[in-house]
Amino acid sequence: AQTVTQSQPEMSVQEAETVTLSCTYDTSESDYYLFWYKQPPSRQMILVIRQEAYKQQNATENRFSVNFQKAAKSFSLKISDSQLGDAAMYFCAYRSANFGNEKLTFGTGTRLTIIP
Amino acid sequence: NAGVMQNPRHLVRRRGQEARLRCSPMKGHSHVYWYRQLPEEGLKFMVYLQKENIIDESGMPKERFSAEFPKEGPSILRIQQVVRGDSAAYFCASSRDRGNDQPQHFGDGTRLSIL
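If you read the sequences in order, they're chains A and B. Just add 126 to the spot in the first sequence (first one is 1) and you have this note's numbering. Just add 333 to the spot in the second sequence (first one is 1) and you have this note's numbering.
No lab work stands behind these hints, which were simulated from the structure alone. Ideal Cβ positions, reconstructed from N, Cα and C, are used throughout, including at glycine. Among the hints, a few may not be true.
Output of the computed footprint for chain A on chain B, the stretches with three or more beta carbons under 8 Å from beta carbons of chain A [stated by the list, open to error]: (1) 374-383; (2) 439-447.
Computed cross-link-like contacts, BS3-like style, restricted to lysine-lysine with a CA-CA straight-line distance of at most 27 Å [to be verified]: (3) K377/B <-> K199/A; (4) K377/B <-> K196/A; (5) K377/B <-> K204/A; (6) K377/B <-> K404/B; (7) K377/B <-> K395/B; (8) K360/B <-> K377/B.
Generate the whole structure from the sequences, applying the supplied hints.
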């Protein structure tokens, strides 16, 4: 079974600064997908960014980028120019590429606080 | 609103009662996933359904929990004889097709409180 570990329960960053959230995972599969979801106080789950394991290039979405290290099974999220609206819980998630195993496996989350 | 709709947003039940949570997927989506989020934890997969079929129920508790996704109408997650430990947020997600490259779109969740 796959597992996802987020070792930072809480992080804080000064507004306009850069912060990196860590995520590691364990799997015996070679093909899979990785995600970062944001959950603000409203509790809505918002997809931030997605990475396919077969792609070597790190995914980027505006101020959000990932550092995907497949050999190390590491998938960190970098938020540049942090804004007050970035304050939320951030969840790392894994999804197998094997047909028949479509569920998402989530980490326990990192609570990000933005300091004005 | 063309997103995934869950209702009610909040549900309060007393121990021993039944809870019914509803999920209407996005338009054009025929695949539904249910997840449970206990306080201060990440989401845990419960069940994956296609219209009239359960595809994967490996995360469902063996007793008291059931799910359906009929040909017409929303998907229903049913919890019988609720206990305090069932208090959680229950999220539904939907996708257009089966396949691991299909993104899952989440609803806003139902917060279930057991008195």
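These are the hints, each one checked on the structure:
1. Restraint check on the segment 374-383 of chain B versus chain A: 6 residues with Cβ-Cβ distances below 8 Å, three needed, restraint holds.
2. Counting residues of the segment 439-447 of chain B whose CB lies closer than 8 Å to any CB of chain A gives 4, which reaches the minimum of 3, so the coverage claim holds.
3. Restraint check for K377/B and K199/A: satisfied, since their Cα atoms lie roughly 21 Å apart, inside the 27 Å limit.
4. The straight-line distance between the Cα atoms of K377/B and K196/A is roughly 24 Å, inside the 27 Å bound, and the hint therefore holds.
5. A threshold of 27 Å between alpha carbons decides the hint, and for K377/B with K204/A the separation of about 25 Å falls inside it, so the pair holds.
6. For the given pair, K377/B sits about 26 Å from K404/B by alpha-carbon distance, which is consistent with the 27 Å threshold.
7. For the given pair, K377/B sits about 15 Å from K395/B by alpha-carbon distance, which is consistent with the 27 Å threshold.
8. Under the criterion of a C-alpha separation no larger than 27 Å, the hint pairing K360/B with K377/B is consistent with the structure, at around 25 Å.
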